Amino acid sequence: MSTVPGNELLTEVEVPNRAGDRSGAVGKAIDTVIRSLVPVLLALVAGGVLLLILGHNPFAFYSSVWEHGAQNKAWQESAKRMAPLLLIAVGLIIAFRANIWNLGYNGQFLLSAAIISGLAPSLVNDLPLGLAFLILFVVAGLVGAIWTIVPALLKAFYDTNEIITTLMMSFIGVGLAQILIKGPFQDPSVNIAQTKVLELDKMLPHIPGTKVHIGVLVALAAAVVVYFAISRTSFGLKVDVLGANPRAARHVGIQVKQLIITSFFFSGLLIGLAAAADILGVWGYIRANWNPAYGDTVIPFVFLARLNPLVVIPFIAFFAVLSTGGTLATQEVGLPTDFLLVLVALILLFMTVIEFLGRRRSLGQSYLTNGLREALRLPGRKKDGAAAEAGETPKKVAR
Amino acid sequence: MSNLFHQDVLTALISGGVIAGIPLLLAACGEAISERSGVLNLGIEGMMILGAYTGFVVAYYLHSTWLGFLGGAGGGILACLVMIVLCVWLGLDQIVVGIAITLAGEGITSVLQGAQFGTTYPRLGATPTTSIPLLHKIPVIGPGLFEQNLLVYLGILFALFLTWFFRATNVGLNLRAAGEKPEALDAAGVSVVATRSWAVLSTGALAGLGGGFLAIVGAGVFTPFMTQGQGYMAIVICMLGRGKPIWVALASLLFGISLSITTALQLAGIEISTDLINMLPFIAVMVALVIFGRRSYLPPALALPYVRGAR
Amino acid sequence: MSPAVTSAVVEVKGITKAFPGVLANDDISFDVRPGEVHSLLGENGAGKSTLMGILSGIQTPDSGGILVDGEPVRIDSPRKALDIGIGTVYQHSTLIPALTVLQNLMLGDSGKLLLDAASARARLEEFGALLGVDVDPEARAADLALGRQQQVEIIKALWRGSRLLILDEPTSMLTPQAVDELYTVLARLKADGLATIFITHKLHEAVSLGDRISVLRRGRMVGTLDAAAVSSTPPDKLEEIVIEMMFGSAAADLADVGELRVGLGEAEAVEAHARATKAAVGEPLLELAGVAAPGEGTDPGVADIDLVVHEGEVVGVAGVDGNGQRALAEAISGQRRLTAGEIRLFGAPVDRLNVLKREKLGLRYLTDDRIGEGIVGSLSISLNLFLKRIGQAPYWRYGSIRRGTIDARAEELCEQFDVRAPGVETRAGTLSGGNMQKVLLARELSFGAKVVVFHKPTYGLDLKTTLGVREMIRQMRDGKAALVISTDLDELLEVSDRIVVLSRGRLVGEAEPGPGAAERIGGMMIGDVSLSLAGAGAEGTE
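Chains as they are written, first to last, in my numbering: chain L, 6 to 404; chain A, 16 to 326; chain Y, 32 to 573.
Rather than coming from a laboratory, the hints here were simulated on the basis of the structure.
Any given hint could be a false lead.
Said to hold, decoys possible - Below, computed lysine to aspartate or glutamate pairings styled on EDC-like, alpha-carbon distance capped at 20 Å:
no., chain 1, residue 1, chain 2, residue 2
1, L, 262, Y, 382
2, Y, 419, Y, 400
3, Y, 233, Y, 257
4, L, 187, A, 286
5, L, 33, Y, 327
6, L, 187, A, 162
7, L, 262, Y, 257
Since the model is a prediction, treat every value here as computed from it, not as a measurement.
Turn these sequences into a full structure, and let the hints steer you where they fit.
Okay, structure coming up:
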């Protein structure tokens, strides 16, 4: 089709954001890859500079990370770490695509983890192991999901900002988890505040030939299922419409309230499953004041993968290596493991900067959906669209 | 002596509440400035923790509470510079950058604390207090309210000042315009970017000062992650107070009291799980949001980057 | 006042400004003199707003220069523009709704720490006297009528002693009466020696108000009719000359000039045409009885709406923007709950049906806010065409989307509705306003549309698309029904069989297009006491 005068902007066509799209030149793909990887590399470099300042050799540090995270049998530890990270990432993807900032992942995760750890010791002994695991996963998912209900209802019915409510619920959830661990679920045989430890043969079975538990397969399966749901089903399209333009969602007859609650529910559900996979697969118990804050570290990778549940897998694999290797490497040189948090924050910052440069060159797509950027706008407000007519686009005025 | 209404208990409750409330008050007033100008500052938690660390370090090495406070404000400013450049100047996503600043603040202070002190946590001595003549002799509330660090009084005065500032000055009007309708401010010939930059800068300074107060006066020690969500709480307080400094100050002090209940209860000989007590402020916030959430007010242009002539 | 030939206040020389993919201003030169109104006329997309943006410091030109009193200046910020005496009234209000009139006016009074309300109040009184208007300094901007808001905007533009006033499409939101008031204000300012640039796309306004008329087309200055030419040519002839300037050879593409002039707001010419095509009216398809719906934010609700739209009928809803149009449209479409009354579609109540169920029955709503709620910019044209039938067979099967089926149907629709795009995969957000509207029309008018609510269907569109859309509306008379909500009275007079008037959320009267209809309707729009229901409770802005 030829462009007509006045429609000159049509020559600037961008690839649609939806998964499963046919167009997409190789150059564009390369560009996307570069834009995804550069922030990570820059963050590693900046982290290296920080290490130098602190008097450590960055090369030695990073090779130690690689050694402890990927070489020999260490990759199996990283693979195990992937299970909770990936499940949380996929859970966040559902929420973020729907324009919902579910930042309550720590509370959802820890509360599920505490309840699972409390229930597991008796369940695995009383019931057939398979059935016990099934029940525990369902319970974990439901706990995570239920912990999103108050923010979901508040957002759906009163349009209360979910960033605030999920954070508050997160703090409450973490506190409640501590009370459960120290109270009803306390292992009476020890003096430390922790739950009963599962026996090794009562934990999730391993994938044959490895020491990797099958929770990792659950996580990978979840990523595939969510990918299918997002790219093929009407639920996925509705979520995308809601995420990109909530007012359009209402206009085209999507039940917005219901969809907000559903998206929240599945987001919390997957985060709850992450807790089950981690507790039943790796730890076997939970200690008071243990908070791995997996969700904090997952956020940049979710954006770098452009909210695509399959693309996020390699990113999570990378971070799993960095995380398991980095924990040991930091201990080796006597640094707090929170150094990894700095790396994650740097990735986020560089990501936004690269995003800015990319937008400047109007290449590829954004890391964030339009709607997500406007998470804090109240519904009923107009927003500037991407379209522009030559010289005369009416600038929509907020309210 | 498990008398909840014993004089010492009440004094401890009020005094502890004020001390715990001041960091919230400073940070929430800062957030009010920033939000009024249209910048949602989710990085305030990171700015507080950085301020707590720098404030503590300065106070520790220079043996000066006041230099410590300055150091805290400096730390906050350092953190908010990132936000100014990325969000106000370049128009990048305020939420993502805010999260990044918080994570970076938490991570870097933990790393630096570890690099400096290893696993020991040195304490500062008691900080000087200023008694207000006569008033501090009032029973119960006297020692609680009028025998505090000078910054406590200054913080409360600041909230009053801010009310006046918002109402009566040109800059106050500009701030409001930047949050309500930035294009109108721009058309009136005032730079939106400059207005918002100054707003975020003062937010950083106040959050850092609050963090410094928390470490120097409140705890007397720096521990990683010691702000424990107080920055987020400041955001909520600001929302609930509709950005009005007086309400923000009152709400901060109330939340401060709920934070200090643990100590007071221990004094009263009542043993309640500290976890439960620590949850109280957050539960209070949720209840307040459920009840008043519909009435909270956010400026229309909040969290939206301003680009002149954007199309 | 005779247009004395004095030296120009502001002179624009060879301004060029390009945006990605479009040359908005191409080597434009013109000037404006003290005590004259210089009309700047052009279609949507001709580059008027860009030129205005450059003069007011919102945008900077790629090349070319601006002379003020013969001296070259660089206007790189709105502040600079104000400093050298250029005040602008933008098309969209720059008043801050939550602030009072006085606060709005004091905004930007920097240099002093404290706000100086006393002297601002005095200055407002001066301006009130000059303009012949009386404004309450303590009223919130949001509570003022639109015409009054615009007067405040003009005062704001002149607040710091401007010598040039730029008005960008100032009449687009006003009632005919408020337009008259604006003309009076402008005449007084002109007499005071102020230079004015009057930007519009409405031919008759440009001609009736301008001492000189310049025409822009696709970013180029076609030419300027000087004061002598304007004053010596009879209006009819002048309009023909200007039409030729605006459209040139393109006018040939657009049917006959008579039709063109309709598009430009000449209501009279079309009435015969409208009457002739009026079909026999059939069964009632859409009935509203005592309908009330709440407002949202500053947008008021509606109450006591009684309205029937019959088969083969096009009913217009006239009214000043912000008098409940959106509440009415959304109540019918199902996006807003009724607080009272009943809506019947094909004789059966639809109160319990949600948007999608009404949609399936054949009720459609073409939204006025195509970017804000019509289109999802990040999705493809194909998906945008199917947003109202997500999950329905045959486009979804076994829960899975069938892209092939959707794309094939989308291509047909694009062909049928003349959507110009590289392909159906194109992101809808990259389309021009006209093509976006065609996508929405394709979505709403296909798949068995029976009753369609058109809300500001041609707002911001170029003339050719506008004429096309109006033709589609007229075609609804063929066995279907349409409710056209528009703030463009000329448009309603052209397409409607009858027009009801919405004011303060209530229907205050009804008229058939015909001689004098515009004035009658205009009177009802502002709630002429003799016609309106006394004390209508709904909050309004007019």
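Hints, one by one, checked against the model:
1. The straight-line distance between the Cα atoms of residue 262 of chain L and residue 382 of chain Y is roughly 19 Å, inside the 20 Å bound, and the hint therefore holds.
2. Proposed proximity of residue 419 of chain Y and residue 400 of chain Y is supported: the alpha carbons are some 16 Å apart, at most 20 Å.
3. Between residue 233 of chain Y and residue 257 of chain Y the CA atoms are separated by roughly 19 Å; this keeps the pair inside 20 Å, and the hint holds.
4. The hinted pair formed by residue 187 of chain L and residue 286 of chain A meets the criterion: a straight-line CA distance of about 14 Å does not exceed 20 Å.
5. The suggested pairing of residue 33 of chain L with residue 327 of chain Y is violated, with an alpha-carbon distance near 43 Å, which exceeds 20 Å.
6. Using a Cα cut-off of 20 Å, the hinted pair residue 187 of chain L and residue 162 of chain A is violated, with the two alpha carbons roughly 38 Å apart.
7. Of the supplied pair hints, the one linking residue 262 of chain L and residue 257 of chain Y is violated, its CA atoms being roughly 60 Å apart against a limit of 20 Å.
Hint compliance for this structure: hints 5, 6 and 7 are not met, and every other hint is.
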